[in-house]
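Undergrad: Residue numbers (my numbering), protein chains in the order written: chain A, 1 to 317; chain B, 1 to 249.
Hints may contain errors.
Per the computed footprint, the stretches of chain B lying under chain A, defined by three or more beta-carbons under 8 Å from a beta-carbon of chain A, are [said to hold, decoys possible]: (1) 54-64; (2) 75-84; (3) 93-100; (4) 141-153; (5) 159-165; (6) 197-206; (7) 225-234.
What follows is a set of in silico ranges between Cβ atoms, one per label pair, in the way DEER data are often shown [claimed, not checked]: (8) B:195 - A:176: 43 to 49 Å; (9) A:69 - B:246: 39 to 45 Å; (10) A:85 - B:193: 53 to 59 Å; (11) B:230 - A:214: 37 to 43 Å; (12) A:118 - B:213: 18 to 24 Å; (13) B:87 - A:30: 50 to 56 Å; (14) B:223 - A:198: 19 to 25 Å; (15) A:176 - B:191: 43 to 49 Å.
Treat the hints as calculated values from the structure; they're not laboratory data. These numbers were taken from a predicted model, which means no experiment stands behind them. A virtual CB, placed ideally from N, CA and C, is assigned to each residue, including glycine.
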Amino acid sequence: MSKVLVIAEHDGEILNPSTSRTVACALALGPEAVDVAVFAEAETKPVQAAARLNGVTRVLLVEHAANRSPVAAVLAPQVYALARDYTHVLAPATTFGKDVLPRAAALLGVPQVSDVMRVIDRNVFERPIYAGNALETIETPPGIVVATVRTASFKAVPETGSAPVEKISLDFDCPTHTRFLRVEGSSAGGRPDLQSARVVVSGGRGLGAKENFDLIYALADRLGAAVGASRAAVDAGFVPNDLQVGQTGKIIAPELYLAFGISGAIQHLAGIKDAGTIVAVNKDPDAPIFEVADIGLVGDLFEVLPTLLEALPKGGS
Amino acid sequence: MKILVSVKRVVDYNVRIQVKPDGSGVMLDGVKMSMNPFDEIALEEAIRLKEAGKATEIVAVALGPQAVQEQLRSALALGADRAIHMPLDTAPQPINVARALAGLARRENPDLILMGKQAIDDDCNQTPQMVAALLDWPQATFASRIELNDKSATVAREVDAGLEFLSVDLPAVISADLRLNVPRYPKLPDIMKARRLPIETATPEDLGVEFVPEARLLKVAPPPKRQAGRKVASVDELVAAVRERGLLS
Ligand SMILES: Cc1cc2nc3c(=O)[nH]c(=O)nc-3n(C[C@H](O)[C@H](O)[C@@H](O)COP(=O)(O)OP(=O)(O)OC[C@H]3O[C@@H](n4cnc5c(N)ncnc54)[C@H](O)[C@@H]3O)c2cc1C
Ligand SMILES: Cc1cc2nc3c(=O)[nH]c(=O)nc-3n(C[C@H](O)[C@H](O)[C@H](O)COP(=O)(O)OP(=O)(O)OC[C@H]3O[C@@H](n4cnc5c(N)ncnc54)[C@H](O)[C@@H]3O)c2cc1C
Chain A
1 MSKVLVIAEH DGEILNPSTS RTVACALALG PEAVDVAVFA EAETKPVQAA
51 ARLNGVTRVL LVEHAANRSP VAAVLAPQVY ALARDYTHVL APATTFGKDV
101 LPRAAALLGV PQVSDVMRVI DRNVFERPIY AGNALETIET PPGIVVATVR
151 TASFKAVPET GSAPVEKISL DFDCPTHTRF LRVEGSSAGG RPDLQSARVV
201 VSGGRGLGAK ENFDLIYALA DRLGAAVGAS RAAVDAGFVP NDLQVGQTGK
251 IIAPELYLAF GISGAIQHLA GIKDAGTIVA VNKDPDAPIF EVADIGLVGD
301 LFEVLPTLLE ALPKGGS
Chain B
1 MKILVSVKRV VDYNVRIQVK PDGSGVMLDG VKMSMNPFDE IALEEAIRLK
51 EAGKATEIVA VALGPQAVQE QLRSALALGA DRAIHMPLDT APQPINVARA
101 LAGLARRENP DLILMGKQAI DDDCNQTPQM VAALLDWPQA TFASRIELND
151 KSATVAREVD AGLEFLSVDL PAVISADLRL NVPRYPKLPD IMKARRLPIE
201 TATPEDLGVE FVPEARLLKV APPPKRQAGR KVASVDELVA AVRERGLLS
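Whole structure, please, built from the sequences with the hints as guidance.
TA: Right under this line is the structure:
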């Protein structure tokens with residue numbers, strides 16, 4: 001039987017929703033136990049949040065001063081120390097999981113499966129390659145399975161559980177060669193998180209200028225939506241990098257995705273393949289985005305966005 | 001200061017790939033191959049560090065069949081001082097690429113290893129982290145800005161929450177994200193000159209590297225196709241169509 005260790009992602013205050021989706025992937029393994037490891041400086045809110053996730057057997061709280069703002073070099077040896085009691089170690093395929101887990105896999109001397117989209121068997125998985133333009137099914141070799149989970153492919157579990165919390169003290173060499181300095185967050189202006197939002201409004205190069213993105217923000221606020229962007233919009237400095245959606249940005253699965261002035265390059269589409277409904281507004285009738293859009297409107301976004309704002313009721317969806 | 005840069009040969013990012021009908025892989029015959037875009041960025045960064053007088057030697061390395069020498073020649077044309085080919089029938093998976101690169105690093109003793117954050121064919125995003133683990137060096141992945149100091153580097157990393165800043169002691173492994181720089185194109189005379197430059201070889205055995213078991217590929221399939229949607233003629237129709245799907249009140 002499988003015993004799964006899930007590495008929690010949190011910022012000391014909030015348990016990232018990616019953790020819940022990773023637990024969902026763990027449960028798809030039909031496991032005997034799913035333990036969630038929370039690495040923290042001391043007991044924090046995310047510990048309690050992890051205990052509420054349905055299907056979790058135990059929450060392991062690993063307290064260490066270096067876990068205040070931990071870097072991969074500090075976390076990987078701790079994951080390694082815990083991992084030996086498990087058949088599977090999972091983390092979300094967010095920038096957090098992508099940074100930490102391969103480092104732990106290398107210490108364990110096993111390959112890592114990146115971006116699990118589907119569990120076929122306890123050691124057979126489906127994952128995307130070529131920006132999601134092909135899916136490979138792979139079988140891991142004997143030994144611990146280490147994998148990151150494409151969170152857009154799994155639904156969050158309900159939060160009605162009450163798993164016990166155990167404090168674990170680990171004996172590990174804590175490196176000092178890597179020092180966390182700071183994070184400069186782009187304030188999302190109180191908008192929902194891009195990776196878990198139900199509705200996302202995105203803008204591309206077609207917006208033309210930073211100020212014009214106000215139209216996107218206005219629509220997002222009207223819909224209670226998160227804001228996303230293409231790489232071209234980020235590169236042009238219209239919006240910060242953490243709004244980029246795509247192969248090398250965020251992979252999202254909102255119920256509704258609205259794309260304005262985005263051409264639909266494969267690298268962008270890679271990020272929205274799991275979206276429920278895609279709406280595209282583009283002035284070029286041949287833009288590739290229309291090949292995947294459920295609802296397309298050929299038109300000038302500078303005319304469409306204001307009209308759309310008029311047409312929508314004020315005060316959220 | 002010596003910089004090791006890894007370059008991977010991948011299907012060019014403009015190619016629309018096709019899955020083979022028998023599900024054994026992706027069609028590669030006659031398909032345009034290029035240096036992985038993130039490796040171009042890593043190499044460009046190394047070149048700029050050399051131009052700024054901070055680096056003295058750039059060593060490019062590629063693993064795989066003979067054909068990867070084409071990408072090593074591109075690296076030489078762009079400004080790498082040396083190129084090392086690790087000949088293998090196929091490119092190994094990240095854990096073994098990492099073991100080979102760590103083995104090479106033990107011999108070459110670079111002060112910095114610059115790599116792409118992911119290869120755009122397999123999208124694994126693992127190898128740099130694994131190299132760093134095997135060498136017990138610091139890692140700074142998804143770098144969009146690197147400032148080299150004497151014995152350390154300050155790196156801005158593109159993370160989900162914004163930009164994270166780290167300070168890492170050297171030697172370190174740094175993986176390049178898209179916004180680190182914009183790579184240059186090689187000049188024709190440099191391409192011609194690079195054709196005549198030597199390419200060294202090193203095998204995993206030379207380096208005392210042992211490979212571990214890899215995952216087995218069972219099949220490759222095209223992703224489920226999205227149903228082609230419909231076009232609407234006006235904003236009102238658009239709103240109606242979204243409402244029909246129960247997505248707006
Ligand atoms: C049978 C089979 C099974 C597979 N199973 C898995 C699996 O279980 N999990 C999984 O994640 N992938 C799997 N893959 C994909 C495989 O691991 C990749 O083909 C491997 O070559 C390296 O992945 P990557 O280049 O995407 O690494 P990444 O980590 O995405 O690459 C990052 C960087 O590493 C460097 N690099 C990588 N390869 C080379 C190279 N050959 N030469 C020089 N530099 C290089 C480059 O700088 C690159 O930018 C499988 C492939 C096959 C054929
Ligand atoms: C290795 C690699 C990784 C990449 N990763 C990503 C990624 O993660 N995410 C990503 O998005 N891209 C990524 N890209 C870039 C990608 O290839 C495209 O360049 C990018 O997505 C284009 O962005 P865009 O659609 O906003 O711009 P463009 O392609 O320039 O399209 C702009 C569109 O706006 C339309 N438009 C212009 N004005 C108006 C108007 N007034 N009204 C309506 N429509 C208008 C135009 O018709 C056009 O279709 C990557 C590229 C590489 C090489």
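Undergrad: Next step is simple, just say for each hint if it's right about the structure.
TA: Taking the hints in turn, this is what the structure says about them:
no. : hint                      : result
1   : 54-64                     : violated (count 0)
2   : 75-84                     : violated (count 0)
3   : 93-100                    : holds (count 4)
4   : 141-153                   : holds (count 3)
5   : 159-165                   : holds (count 7)
6   : 197-206                   : violated (count 0)
7   : 225-234                   : holds (count 9)
8   : B:195 - A:176: 43 to 49 Å : holds (46 Å)
9   : A:69 - B:246: 39 to 45 Å  : holds (42 Å)
10  : A:85 - B:193: 53 to 59 Å  : holds (57 Å)
11  : B:230 - A:214: 37 to 43 Å : violated (30 Å)
12  : A:118 - B:213: 18 to 24 Å : holds (23 Å)
13  : B:87 - A:30: 50 to 56 Å   : violated (43 Å)
14  : B:223 - A:198: 19 to 25 Å : holds (23 Å)
15  : A:176 - B:191: 43 to 49 Å : holds (45 Å)
Hints 1, 2, 6, 11 and 13, counting from the list given before, are not met by this structure.
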